[in-house]
Each structure stands twice: as C-alpha cells, then as structure tokens.
Amino acid sequence: MMDKKVLIIGGGPAGIETAYSLALQDVKLVLIEKDADVCGNIKNWDKLFPDFKNASEVREKLIRKLEHPNIEIITNTEITKLYPEGNSWFAKNDAEKIFEADAVLLATGFEVFDAKRKEELGYGIYDNVITSVDFEKMYKSRKILTSEGRVPQRIAFLNCVGSRDEKVGNHYCSRVCCINAVKQAIEFKQLVPDSKAYCFYMDMRMAGQFYEELYRKSQEEYGVTYIRGRISEAAVTMDNRIQIKAEDTLSALPMKMTVDLLVLMVGIEASAGTTLLSEQNNVLGLYGFAKPLGLYSEDNMTAKSGLFLAGTCKRPLTLPETLADARSATTDIIRYLKTTK
Amino acid sequence: MDNKKKYFWNEYQKEIADDNYYYERSCIRQSFFPGSETAFLKILRDELGKTIIDDQNQHTCTGIGYHSDVVQFDTTMTICARLFSLMTDKELKNFVPSCVTSFGIFTEVFETWQEFPEELEKARNFLRKATGREFNIPENISHPSDIIYKYRKELKQKMKYQLVNHKTGKPLRVVEHIGCHYGKIFTKHAVGGAEFPQVLAGMIEEWGGEVIDYPERRHCCGFGFRQYLVMANRGYSVANTKKKFESMEPYKPDFVLTNCPGCTMFMDRWQYTIAEMEGKTYDENGMGIPVLTYEELTGLLLGYNPWDLGLQVHQIQSEALLDKLGIPYDPKDKFVGKSGKFIGQPEKPEILKVDYDG
Amino acid sequence: MKHWGFKISKPRVLDFDTANLDAYNRLIEKVPSAHRCLMCGACTATCTANLHTEFNFRNCHLMFRRGQFDGLAEELDKCMLCGKCKLVCPRGVNTRAIIYNLRIVLSDLNYKKIES
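Chains as they are written, first to last, in the numbering used here: chain A, 6 to 346; chain B, 4 to 361; chain C, 352 to 467.
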C-alpha cells in the first residue's frame, strides 16, 4: 500500500473511473462530490449514443466501482478553494473543512449551456421550446408531449445552441450534440412513427465510431429530414405551437415552419467549479475550461506540480472518451506519486 | 406577462434620465402625427412637472439621408455634434431624440466615439471649422418612450381611462411594435433588449391592456429607407407590413402601438394601400386596425381631446377604438383646426371604411 | 385603376406548413435510397447536361423534397439518363431512378407544366 493520498474533486464518470483505477493500484483516495449523488451529468441521460445503451447500466457499473476499501466518498461538499503548500495540496469548502492530499485530480466536468441566453429561441418563454436535457428527462417515461399534453406531430431539433456561436462567447464545437440529435430524433420517431422530425444543422459532425452509420440509419429507416440552416427566431403561434425561421441554405431560400416542439441541442460549457478552481491555480484555459500542460502526452497534467485533469473539465468529450481519459490520468498520477517524496 | 417572460427584460434595464431634458424633434413626425410631440411636451411639463427644452434652432440628424446612402458618416457625426452643441448651450446633459431613427443615429455616434476617440476628435474639428462651436457629449440619451415607460406608474395615477373595454370590462388587446433602431443596433440602449423589448409592453400592461405575442412580432415594419424611397422598391416595404398584419389578424388586436415614426406611418398608411390593391383589411369591420404613437395613447388615457392629439390625420380612423375606451369626442370638431376654422378633410378611400363623408 | 408604380412583392419563403411535403413519400416508395441523399452535389458536378445547361439534379431533387414543383418537369427533361451521377454518389443513391420516377410522380400528381 502506497502511503500517499489523492484527492479527486468531482464524482462524475471521470472522477469515478480515476478513483477506481487508482484504488486498484493500491492508492488511497478521497472523492468529493458537490451533489448528493455521484455520476454527474449522466444522471440526466436515459440512453446513450451511438448504441442506445441504457445510461442506468453505465451508472450502476460506475457506482459499483466505488465500492473499494481504498475509496472514501464525501458527497454534498463543494470545494471552493484549492491550493498547494510545500509538497501537499489543500482543498476547502465554504464551511472551512480542509482536505489534505499529495496529489489532486480535477474532475469537475461540465454544465450544459443555459439556453435562456439565446433569447431569440424563446427557451423559458415558450412552453414548447425545450432542451435536449428536457427531452431526455421526458424520454425516461417514454412520453414526449407538448405542454398541453398533445403528442407532437412535428418536432424540430436545433444543433449548436451555445456552441460555435460567437454571440455567447463559445467558438468551439461541443462535439456531442450532433450525434445526440440523431439519437433523439430516432427515439422520437420510434415513439411517434407517423410524425415528422427535422434536424437543423450548420455542419453534421459525425466524427465518432458508428456516428455516420446512425445518421444514415436515421434518414433511411426513420425518414428524419436534415436541413442545413440555423434557426434564427422562434415565436409562438395562436395555438401555442412554435414558428421557426431559418434559411434552407441548400436551396438558398428562406424557410419557415410551425412545429409542436422545438428541441434545443444545448452545448457543453465549463462548470462553475472547473473555472473557479482552475483560475485559483493559474491553469485556466479558454472558455473557462482547465488548461492541460500540453496537447499530447501531457494532456492530464497541468503547469502545477501535483495537479491533474481528467474529463470534460478540459474540453467537451464524449462519455467513452472521458472514461479513457480518466484511466490515462491514473498513469500520470501514479508516476507522480512514485517519483515525489 | 407572466413571471417567466420577465426573466429577460429585467436584465436589460437602462439608465433613463429623470429630469432636465433637451428635446430633439423628428423631421417627419410633425407632419405625419402632428399632435404627438406637442402631447409629449405637455405630458412632461404639466403632468410630470419636468423641465424639457424645445429648441427652435435644431435641425435634422441626417438619419434618412444616412440610411439611404446619400449622407456620409463623417457628415452625420458633425451634424449630431452640432445638435449636441445646442444642448450644451442650454447647459443640459440629457438628450431626448423624438425619432427612433435619430435615436439609432445618436447611439451609433455615441458608441463610435466611445470605441474610437479619434473619430470624436475628427467630429470636434469638423464642427469647429464649419461653425466655430464646441460641444459636450450627452450624459444620457433616452428615447421619449423610455421616459414615458419610466413614469408609467406616475402617469397611471393621473389617467382618466384605462386600456379596458368600458362596456365589457375586458382588457384591450394590443400589438406593440418597436422600431428596429431602438434596440437592434445596441441592445443595451433598449429597455428589455432587442428580442423582447419591454418599453411599450410595460406601458400597455401597466395601463390595463393585454400585449399580443404573435409570430411576426419581432419582424420589421418594412419601412427600410431605400425600400420606401425608391418607388419601384416599395413592394418590398409593403410586403413586410402585410406579413405582420397577416400574422396578427387572427388575434383581433384593438390597436397597434409603436414608438418609431417610420413604423407608425407605414403600418398605418400601408393598410390603405393593401386595401386598395388587394381589397383586404385586417379587422372585422373593414375599417383597419388603428396605429397609435405612445404619446397619443398616453394623451388619450390622460383625457386629452383626441382631435388635439391629431388622431384625425391618421389613415385608420380611431372612433371605434375611442368608443371601446369610453372616451367622448365630438365628430363636428374632427376637422376643425386650432384656429376654429375647417382644415379640410381627406378623400374617402374606396375600400377602407371611414366615419366621415368624403 | 390607380397607378401605384409598384406591386406587393410575393414572399420567397419556403413555407413548410403549406408545401406538399407528402409527395416525397411517393418517390421514396419507388426509390428508398433517395432518403440517404446528403445534397453533396457530386451528381451535379459530374453531370453532362449540367455542363451545357442550367440543369441541376441535386437542386431538382431538393426542390421536390421541399414540395416545390414549378418548372421541375421541364428541368428533368434535360437529363440524358447517362447514369454517370449514380457512379459518383457516396451514399449509393439511385439517382438515375430518381429522375425516371420523378417524371412519373410529377405526372401522377397531374402537375401541369407552366405554360410560358
């Protein structure tokens, strides 16, 4: 048993996977989660892209991984101050409870973009404008309904809400929303086969394995219609449906349509905790994310000795990428613990 | 408006000066809506007890010429600078342009000078060379609709009428339309921002009416300067107005409230054009939907004589609306001027119904 | 009749609420692969007719998808059915069959050619 101790901040997939991998290597660690439950953003998800795996299975598996004697879990504790002193790291919450460790992993993850910031799309104003997270919560009960309780006959998904948008200060691509729209469009068509599903995009970024295949399947088997054009305005109609305007750029004509439900594919933003703790330690990168030491073999390290990063606190990542990144962070942390006194 | 919608405009509250205003008149409003500016001055002075200077030396802001590409920005800046120098002469700091186009021009010039101080120096030089005058930049630029919005609660206390159908007791249903240059150029200069401006909606709700949220609410009225000024292009202009009226028609609005001279003008007059060209009106009785300025509305509710407010020179006549509000009027006085003489009356349109004999 | 000097412009907007979007299903019944089209334009780039006329197969397909049939039948007559487009399609869309069947569907819809 190594006599060194690691502190993991954040109990999402990145934090849990790193905790488990470290525990298997005989490292003792404390995992601190701000919420009452672990598993982070995937708590909201029902099925995962691209294989429609039940998110609950993944969650249960992750939670079981925490049942290791080397792992101590502390929930309902939000770290607001993180700093090194000598060879040690100290983390404090607002109640001044102090945690000491030899190394720290930041796994503070992401938050979804607050769609209210795109005022022209009417989220929070019009009942039948929802986000992809709202869709997912509704899908858990297999009931996608309008606010009046009607089954939508026409649904539109809009990509890049809060991503690739200078107006909200996010130039980057969130990477997961395109494929998530494909997944949700298929799920909707499975529930309501006679309906029409439209997906508005600037580019369809199907870069992951089996993404392109799923995209193709959504067109071929489910008749999902993809329209290249960004919705510029959503307005409410007399019967509380949503009128949307876009350009059908492939025909170079303006278009409009009325839909029963508009789903905004909200992007990934750095969580408040990610930005706060990165800033305190001078490792703040672009857009509020934490900055790794380098892009290649140094992607889990930071400019601060003993401070490591894993998962979406660095940039938008998919779940499999996050888990792989967590295991990769383990290697760096162990090497660090072994080489420092 | 329910609490959900209030979320946004609360974040876009601007500073509106509370007294001592320099009033900059509009070029076109005095002929199109001749009672509005007079009513505004009366409301500020007599109802609210404010000081507002109406200066006979003032002139155009160049807005129409600027937006039609016949006046350069350097000229526009210099002419704005002269207007600011007139304000400076009066030892005032709060600039109040009557027109939304002017408001857009002044905020554009103001923001340009904030971002590019060399442009300010240029404007100072040009003005000095041309006129020998100096000027201070206003501390506050507010549109008159901002000021009415700011004092909407105080004014309500003095109002004789509410935006309620006095026979049924139901709130009147109102379409509000904001001039593009009020909030779309600089969102921060608009109460409520550009997407859901609150400046007129706030008045309507405070005074008992109901705001209609219809799909083309945020669409431009169609004025568009060049589109209107070149006759062959007017089809674009009227098509935009038509799009708005088609969209609001099912909601059966009692009237349209605007804060921009161009919007008031075109939403009012194009109804005549559409009726004559296509035989179509957008209300149930074939009389058109009245389009009022916010000064006219405020004046009406305060109990001012509708003919003093100039409602008779609108294309769409407002008697039906006055009846709903329970506001008395004398048809005999409609076309009698301030001098007590008959001022003439317009020809009767072929399609639109009016209350007078042409 | 008054002289106005202008007419009220017609909207250019594609209105998905009024367009005949269901006609596309009739094409899909006959050519299911049409669904897969990504509108990449490889078909049009290689088209012999496109080199000499304004015939644009991709756009014809798109306009039919959007329920816009004006002038489509005349456009389709410009195709010589050589089949080169089918060879280059990255998604295996049977483009030649689309042309052939679009003519039939348009005729079934009794969609009259616009007389000039």
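It is worth saying that the hints were derived from the structure and are not from the lab. It cannot be assumed that every hint is accurate.
Taking lysine-lysine and the BS3-like style, the derived pairs with C-alpha atoms no more than 30 Å apart in a straight line are [said to hold, decoys possible]:
no. : chain 1 : residue 1 : chain 2 : residue 2
1   : A       : Lys261    : C       : Lys358
2   : B       : Lys344    : B       : Lys173
3   : B       : Lys283    : C       : Lys358
4   : C       : Lys437    : A       : Lys222
5   : A       : Lys261    : C       : Lys361
6   : A       : Lys172    : B       : Lys187
7   : A       : Lys250    : C       : Lys358
8   : A       : Lys121    : A       : Lys102
9   : A       : Lys172    : B       : Lys53
10  : B       : Lys191    : A       : Lys121
Predicted model only: the values in this text are computed from it and were never measured.
A quick look at each hint next to the structure:
{"no.": "1", "hint": "A:Lys261 / C:Lys358", "in the structure": "holds (23 Å)"}
{"no.": "2", "hint": "B:Lys344 / B:Lys173", "in the structure": "violated (38 Å)"}
{"no.": "3", "hint": "B:Lys283 / C:Lys358", "in the structure": "holds (15 Å)"}
{"no.": "4", "hint": "C:Lys437 / A:Lys222", "in the structure": "holds (20 Å)"}
{"no.": "5", "hint": "A:Lys261 / C:Lys361", "in the structure": "holds (15 Å)"}
{"no.": "6", "hint": "A:Lys172 / B:Lys187", "in the structure": "holds (14 Å)"}
{"no.": "7", "hint": "A:Lys250 / C:Lys358", "in the structure": "holds (25 Å)"}
{"no.": "8", "hint": "A:Lys121 / A:Lys102", "in the structure": "violated (35 Å)"}
{"no.": "9", "hint": "A:Lys172 / B:Lys53", "in the structure": "violated (39 Å)"}
{"no.": "10", "hint": "B:Lys191 / A:Lys121", "in the structure": "holds (17 Å)"}
Hint compliance for this structure: hints 2, 8, 9 are not met, and every other hint is.
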